[in-house]
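Number of protein chains: 2
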Amino acid sequence: MIFRQLFDYESYTYSYLLASRAGGEAIIIDPVKSNVPQYLKLISELDINLVVAIDTHVHADHITGLGDLRDVTNCVTILGSQTKADCVSQKIKDGDKITADQLTLQALYTPGHTDDSYSFLMNDRVFTGDTLLIRSTGRTDFQNGDPKQQYDSLFNKLLRLPDNTLVYPAHDYKGWMMSTIGEEKKFNPRLQVKSESEYIEIMKALKLDNPKLMDIAVPSNLKCGR
Amino acid sequence: MIFRQLFDYESYTYSYLLASRAGGEAIIIDPVKSNVPQYLKLISELDINLVVAIDTHVHADHITGLGDLRDVTNCVTILGSQTKADCVSQKIKDGDKITADQLTLQALYTPGHTDDSYSFLMNDRVFTGDTLLIRSTGRTDFQNGDPKQQYDSLFNKLLRLPDNTLVYPAHDYKGWMMSTIGEEKKFNPRLQVKSESEYIEIMKALKLDNPKLMDIAVPSNLKCGR
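One line per chain: the protein sequences are X and Z, in this order.
Position in the first sequence counted from 1, then plus 1, gives you this note's numbering.
Position in the second sequence counted from 1, then plus 1, gives you this note's numbering.
Looking at chain X on its own, in the form it has when it is part of the complex (with noise of 0.2 Å):
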């Protein structure tokens, strides 16, 4: 398998870049606009042919890549259904199946970072967009967000799956690029609350200030970038 994780320096953004064998159909997850061009190099290098284009939701922190890439490529381009952004070409819904040769990622519905993110299972490996980070969780005040919905995304969906299951999150900021649902279970601080009603309160009193792109990179993102 071709899988290659990518770092957007600006924004601290994974991309996610996945292909079953050389000559053959790619996915991309969460790309960054203006690494688009770095992207159609390493596509045409690896020698492998971009099909599917994914947000796991529509980003506040950097504009997407969609757009470009589909403009280029042709790719199907997608987000959630409960998404505001009318520009792609597929919207999915919890439980459905996307595929490219022989990967297949299952779409899971994990709202709560903002209403409309999605988590991509993919055999030993989970893509958790800004639901969960590396001993983190993605923020819940604005685009929708809801600690109540993200508290049962964690741990009625993501921390049920098996402890060696791969979590290959949106971002990070300590330079981590991955972990495992069962070290997340043990040592993400914030998965550790005794209840739903904490969890809440914790995302409550965070205050964080809006990123500083936000008012650009959210009406782009409706917009796939373009």
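Hints listed in this document are in silico derivations from the structure and should not be mistaken for laboratory results.
Note that this is a predicted model, so its numbers are computed, not measured.
There's no promise every hint is true.
No copy is singled out in the list; a pair is fine if it fits within one copy or between any two copies.
Result set (DSSO-like, lysine-lysine): computed pairs, CA atoms no more than 30 Å apart in a straight line [unchecked claim]:
| hint | residue 1 | residue 2 |
| --- | --- | --- |
| 1 | Lys-213 | Lys-92 |
| 2 | Lys-42 | Lys-175 |
| 3 | Lys-213 | Lys-175 |
| 4 | Lys-224 | Lys-187 |
| 5 | Lys-34 | Lys-175 |
| 6 | Lys-195 | Lys-34 |
| 7 | Lys-186 | Lys-224 |
| 8 | Lys-149 | Lys-205 |
| 9 | Lys-213 | Lys-98 |
| 10 | Lys-42 | Lys-195 |
| 11 | Lys-158 | Lys-186 |
| 12 | Lys-205 | Lys-42 |
| 13 | Lys-205 | Lys-98 |
| 14 | Lys-187 | Lys-34 |
| 15 | Lys-195 | Lys-213 |
| 16 | Lys-195 | Lys-208 |
| 17 | Lys-187 | Lys-42 |
| 18 | Lys-186 | Lys-42 |
| 19 | Lys-85 | Lys-187 |
| 20 | Lys-42 | Lys-158 |
| 21 | Lys-42 | Lys-208 |
| 22 | Lys-195 | Lys-85 |
| 23 | Lys-186 | Lys-34 |
| 24 | Lys-208 | Lys-98 |
| 25 | Lys-195 | Lys-92 |
| 26 | Lys-187 | Lys-92 |
Got chain X sorted already, so can you dock chain Z onto it with the hints?
This is chain Z only, laid out in the frame that chain X set:
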């Protein structure tokens, strides 16, 4: 296997934490001093026991965590036999094997970036330090660097590994985590030369500024960062 690639945002350094199993022995490659508390926390959480800390060479762009890790964990510290540092507990040479539980690293002497540069081969992957970078190679203009030696290390050692060998370098500056020997053979611009003399010319023409931490990092690293 536990395999963690960890990134240092200040110096764009990749460090690698390896262990064959939870509860077992671990090796760290190219640790950064300022991240040692983070490594120790992760080592504890993963329930592994650090027994070896290796620098691929005496770094000029960050201060090594070798000394601090040794002080806390009593791990063996390793550099190549050509190093001027006299603080390590073991100096290895080409072909030597380093083991921890089921892990075995084979040392490959790959001078050129510095005269004490080593790469480490572990089954399907090679840690290339500053010798082979993703689509680039390490500079050769200080610490007894030598483009002629680097050409030999690249073309007569690293590029002779199987094409599907995974390449894990000590740095990347564009957000890429890994590559393969086959990819670098085909697409690394510096490896498309027709002769050793052409490679030497390219490297001599680079005229790079010194790393900003060089005057602090090199003397400090000769004392294992202590």
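Which hints, by number, does the structure contradict? 4, 6, 7, 9, 13, 15, 19, 22, 24, 25, 26
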